[in-house]
Amino acid sequence: MAAARPMRLFRNINAKIAAIPMVLTALVVFTGGTIWTVVYSFTNSKLLPREKWVGLQQYERLWGTERWNVAIENLLIYGACMVVFSLVIGFVLAALLDQKIRFENTFRTILLYPFALSFIVTGLVWQWLLNPDFGIQSVIQAMGWESFDFDPLYNADIVIYGVLIAGLWQGTGLVMCLMLAGLRGIDQEIWKAARVDGIPMWKTYIFIVIPMMRPVFITTLVIIASGIVRLYDLIVAQTGGGPGIASDVPAKYVYDYMFQGQNLGQGFAASTMMLLAVLVVIIPWAYLEFGGKKRV
Amino acid sequence: MARAVTTQRKVIATAAAWTIGIAIFFPILWTVLTSFKTEAQAIADPPVWFGFDWTLENYEVVQERSNYFRFLMNSVIIAVGSTVLGLLIAIPSAWSMAFVPGKRTKDVLMWMLSTKMLPAVGVLFPIVLIARFLDLYDTHILLIVVLMLMNLPIIIWMLYTYFKEIPVDILEAARMDGASLRSEIIYVLTPMALPGIASTMLLNIILAWNEAFWTLNLTTTKAAPLTAFIASYSSPEGLFYAKLSAASTMAIAPILIMGWFSQKQLVRGLTFGAVK
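Protein sequences appear in the order of chains A and B. Quick note on numbering: our numbering labels position 108 of the first sequence as 108, and the sequence is numbered without any gaps. Take any residue in the second sequence, note its place counting from 1, add 1000, and you have its number in our numbering.
Warning: the hint list may mix true and false statements.
What the hints assert, rightly or not - If you anchor each label on the Cβ, the simulated ranges turn out as follows:
| hint | chain 1 | residue 1 | chain 2 | residue 2 | range |
| --- | --- | --- | --- | --- | --- |
| 1 | B | 1066 | A | 13 | 46 to 54 Å |
| 2 | B | 1220 | A | 46 | 19 to 27 Å |
| 3 | A | 76 | B | 1135 | 57 to 65 Å |
| 4 | A | 24 | B | 1256 | 50 to 58 Å |
| 5 | B | 1220 | A | 64 | 30 to 38 Å |
| 6 | B | 1055 | A | 199 | 26 to 34 Å |
| 7 | A | 104 | B | 1054 | 28 to 36 Å |
| 8 | A | 104 | B | 1060 | 46 to 54 Å |
| 9 | B | 1066 | A | 144 | 38 to 46 Å |
Said to hold, decoys possible - Below, computed lysine-lysine pairings styled on DSS-like, alpha-carbon distance capped at 30 Å:
| hint | chain 1 | residue 1 | chain 2 | residue 2 |
| --- | --- | --- | --- | --- |
| 10 | A | 16 | B | 1106 |
| 11 | A | 192 | A | 203 |
| 12 | B | 1264 | A | 100 |
| 13 | B | 1010 | B | 1103 |
| 14 | B | 1222 | B | 1116 |
| 15 | B | 1010 | A | 100 |
As the list claims (entries may be wrong) - Partial selection, computed: residues in chain B whose CB lies under 8 Å from chain A:
| hint | residue |
| --- | --- |
| 16 | 1010 |
| 17 | 1025 |
| 18 | 1065 |
| 19 | 1089 |
| 20 | 1121 |
| 21 | 1178 |
I should point out that these hints are in silico values taken from the structure, not numbers from a laboratory. Here a beta-carbon is modelled for each residue, glycine too, at the ideal position from N, C-alpha and C.
Same shape as in the complex, but just chain A (with noise of 0.2 Å):
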């Protein structure tokens, strides 16, 4: 134990060394350009960035602006739609393949395909499949239901939940699987104790199994959440926002700000407010986490 202790000190020092490319790419470029960011919210930066300081003007103007309410109100909705719908389906298709079925590989790979497609595919895919000239709407009704009205992409009202079908159509599959993993963690004995005392299935997935799957949830709930908060590909490819500004979401926002209405002073205090929303999010979860991992 002795001899080890200087070898220990050298490759400690290897370790850091090691480690020092990734320190400075997440210090360098995620904090400083997010650091450099907030601190230009306060400025009234038009075309190019410059220090004249108007405090608090543009997150004033931002929250008074409705397109940037109905923004958030669509992100939330989708946000959301997103955890609970893919939890619950991922969660029975994942209890379903758990039974054991026949060509399983087969079956998990057809259904990850959607997420390795880009949301631009995604997106285009279902802007016309949603079409309701010749998308799902017309195949229904030349099958005889000719009263079917399903046409989310052109009804304001409902066009996030247009985005939201394409957006379970892409992740739910990962969650799927995800969920299978942790599934096959459980150990055998469990269920069978869980039988011998006549506990029905259902209340073992709800009581025993889900409680046990905790570190699989979390995780798919992280994969989910930075997938919702980079929401923009698939606005971009399904509705182009519209119609109008219905299924606008901040992501869009900020970058149409930015390169079109060349107020940058604006953009970034939107893409601000959106760092704020995600910290909200994530110091409580990163504190229970870590938090509880120190203490035990």
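With chain A held as given, fit chain B onto it using these hints.
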């Protein structure tokens, strides 16, 4: 499943699962089918399923109009480049975190991962400024570096979980035999973690291949990859669905084919290493 599963239940579950599988695969199938139709058949009401005159016309038009192969090359260069660069940085980092953990390792790891949650628009403008300043706008190098940075947290996290499973004793044995740190990583750790590295590579290639936010914003023509190629078909002519389908099929085919032949890596990679 050790739990007794009756044959009947198995059949029902299989049938149900496959119905869902086909429903999920349907949009992809329809896109591929439509790409072989004429524009008139593509928007026929009621839709034609298989009984149409198959044509390659759409593919010819798309290739002629926007040189598919140039976009394809750009996509390959960017995806492979950012993956290789990312692995070169990530392997040493993941090694240090998995085998020489310090007090702060967990914190650093969580911090890295949490950056993935930050909205990308927040760092968009600084990066555009840096790109213009270095005169790198619309170049492969810029996209390789930016996409590598964006995916680095995920690569490191995945490699870390794979490295964690390798017994330290083996690395120590190599060291006892006088292997230097470099050869320890290159000749002992890397080969042992190869399946994990392969899945990580595949995931990263797919993520880079599909990345649209950065590629659309940091390129104009020279370095534009396939995402820009499809995006260019989305708006102006709106209703040319057969051509749009051909363009989409061309853009997704490489991923679908690659994924089919490496199903195991695909599933492992896309689930971030959760499925072993």
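_Hints violated by the structure (numbers, ascending)_ = 3, 4, 6, 8, 13, 18, 21
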